[in-house]
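Sequential numbering from 399 applies to the sequence shown in our numbering.
These are computed hints drawn from the structure, not numbers from a lab.
Certain hints may be false.
With a straight-line cut-off of 30 Å between C-alpha atoms, the simulated DSS-like cross-links for lysine-lysine are [unchecked claim]: (1) K471 <-> K451; (2) K483 <-> K451; (3) K483 <-> K409; (4) K425 <-> K435; (5) K429 <-> K409; (6) K451 <-> K425; (7) K451 <-> K478; (8) K435 <-> K409; (9) K429 <-> K451; (10) K425 <-> K483; (11) K428 <-> K451; (12) K409 <-> K478; (13) K409 <-> K471; (14) K411 <-> K428; (15) K483 <-> K435; (16) K471 <-> K425; (17) K429 <-> K471; (18) K478 <-> K428; (19) K471 <-> K411; (20) K435 <-> K451; (21) K435 <-> K411; (22) K428 <-> K483; (23) K425 <-> K478; (24) K409 <-> K451; (25) K451 <-> K411; (26) K425 <-> K411; (27) K429 <-> K478; (28) K435 <-> K478; (29) K411 <-> K429.
Have a look at the derived ranges for each label pair, beta carbon to beta carbon [claimed, not checked]: (30) K478 <-> K425: 14 to 24 Å; (31) S440 <-> D467: 14 to 24 Å; (32) D412 <-> N463: 26 to 36 Å; (33) S458 <-> H417: 12 to 22 Å; (34) K411 <-> K451: 31 to 41 Å.
Where a beta carbon is used, it is the ideal one built from N, C-alpha and C, also for glycine.
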Amino acid sequence: MEIHVYDTYVKAKDGHTMHFDVFTAVKDDKKAVEYAKQWLTSIGEDDATVTSKECSFCHSQSAPNNVADAINKDGYFIYKMEGCK
399 MEIHVYDTYV KAKDGHTMHF DVFTAVKDDK KAVEYAKQWL TSIGEDDATV
449 TSKECSFCHS QSAPNNVADA INKDGYFIYK MEGCK
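Using the sequences and the hints given, assemble the complete structure.
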């Protein structure tokens with residue numbers, strides 16, 4: 399499966415920066431932002447600002463099986479990097 403990677407930086411409630419990637423099967427900027435918001439809400443960061451400025455397309459690549467499985471199930475996968483819970 400080819401996936402599309404959206405590099406995302408948002409400010410958490412306590413002011414620190416959260417850096418994560420949104421992986422999707424379809425290259426759709428609006429969907430990527432929507433997925434980022436869904437995930438942020440699920441971790442209690444529903445007030446974080448996420449637009450195409452904070453969540454921007456980076457590149458496409460092939461996906462490992464666990465990522466492809468999550469995308470097939472949920473529509474997206476969040477790859478947590480810096481400052482994520």
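Structure-based check of all given hints:
Our distance criterion of 30 Å between C-alpha atoms is met by K471 and K451, whose separation comes to about 27 Å. Pair hint K483 plus K451 holds up; C-alpha atoms about 22 Å apart against a cutoff of 30 Å. For the hint pairing K483 with K409, the CA-to-CA distance comes to about 13 Å; that is within 30 Å, so the pair holds. Taking the CA atoms of K425 and K435, the gap is near 17 Å; set against the 30 Å cutoff, the hint holds.
Proposed proximity of K429 and K409 is supported: the alpha carbons are some 20 Å apart, at most 30 Å. This hinted pair checks out: K451 and K425 have alpha carbons roughly 16 Å apart, not beyond 30 Å. Taken as a hint, the K451 and K478 pair is honoured in the structure, with Cα atoms around 18 Å apart against an allowance of 30 Å. Of the supplied pair hints, the one linking K435 and K409 holds, its CA atoms being roughly 12 Å apart against a limit of 30 Å.
Restraint check for K429 and K451: the C-alpha separation of about 14 Å stays at or below 30 Å, so the hint holds. Restraint check for K425 and K483: satisfied, since their Cα atoms lie roughly 26 Å apart, inside the 30 Å limit. Note on K428 and K451: the hinted pairing holds, with a Cα-Cα distance of about 11 Å set against a maximum of 30 Å. With a C-alpha separation of about 14 Å, the suggested pairing of K409 with K478 holds against the 30 Å cut-off.
Restraint check for K409 and K471: satisfied, since their Cα atoms lie roughly 28 Å apart, inside the 30 Å limit. For the hint pairing K411 with K428, the CA-to-CA distance comes to about 23 Å; that is within 30 Å, so the pair holds. Between K483 and K435 the CA atoms are separated by roughly 15 Å; this keeps the pair inside 30 Å, and the hint holds. The hinted pair formed by K471 and K425 meets the criterion: a straight-line CA distance of about 17 Å does not exceed 30 Å.
Proposed proximity of K429 and K471 is supported: the alpha carbons are some 15 Å apart, at most 30 Å. Between K478 and K428 the alpha-carbon distance is near 20 Å, which keeps this suggested pair within the 30 Å criterion. Only pairs whose Cα atoms come within 30 Å are accepted, and K471 paired with K411 is accepted, the gap being roughly 29 Å. Taking the CA atoms of K435 and K451, the gap is near 13 Å; set against the 30 Å cutoff, the hint holds.
In summary, the hint linking K435 to K411 is supported, as the alpha carbons are separated by about 14 Å, within the 30 Å threshold. Under the criterion of a C-alpha separation no larger than 30 Å, the hint pairing K428 with K483 is consistent with the structure, at around 24 Å. Restraint check: the Cα-Cα separation between K425 and K478 comes to about 20 Å, which is no more than 30 Å; the hinted pair holds. For the suggested pair K409 and K451, the alpha carbons sit about 13 Å apart, so the restraint of at most 30 Å is met.
In summary, the hint linking K451 to K411 is supported, as the alpha carbons are separated by about 19 Å, within the 30 Å threshold. Among the hinted pairs, K425 with K411 is consistent with the structure: their alpha-carbon atoms are about 29 Å apart, no more than 30 Å. Taken as a hint, the K429 and K478 pair is honoured in the structure, with Cα atoms around 18 Å apart against an allowance of 30 Å. Straight-line distance between C-alpha atoms of K435 and K478 comes to about 14 Å, which keeps the hinted pair within the 30 Å bound.
Of the pairs offered as hints, the one joining K411 and K429 holds, with about 23 Å between alpha carbons and a cut-off of 30 Å not exceeded. Restraint check, K478 to K425: a C-beta distance of roughly 22 Å satisfies the suggested window 14 to 24 Å. For the pair S440 and D467, the supplied restraint of 14 to 24 Å holds, since their beta-carbon distance comes to about 18 Å. Between D412 and N463 the C-beta distance comes to about 35 Å, which sits within the given range of 26 to 36 Å.
A beta carbon spacing of about 20 Å between S458 and H417 agrees with the range 12 to 22 Å that was offered as a hint. At roughly 19 Å, the beta-carbon separation of K411 and K451 lies outside the given 31 to 41 Å, and the hint is violated.
Of the numbered hints given earlier, the model fails hint 34 alone.
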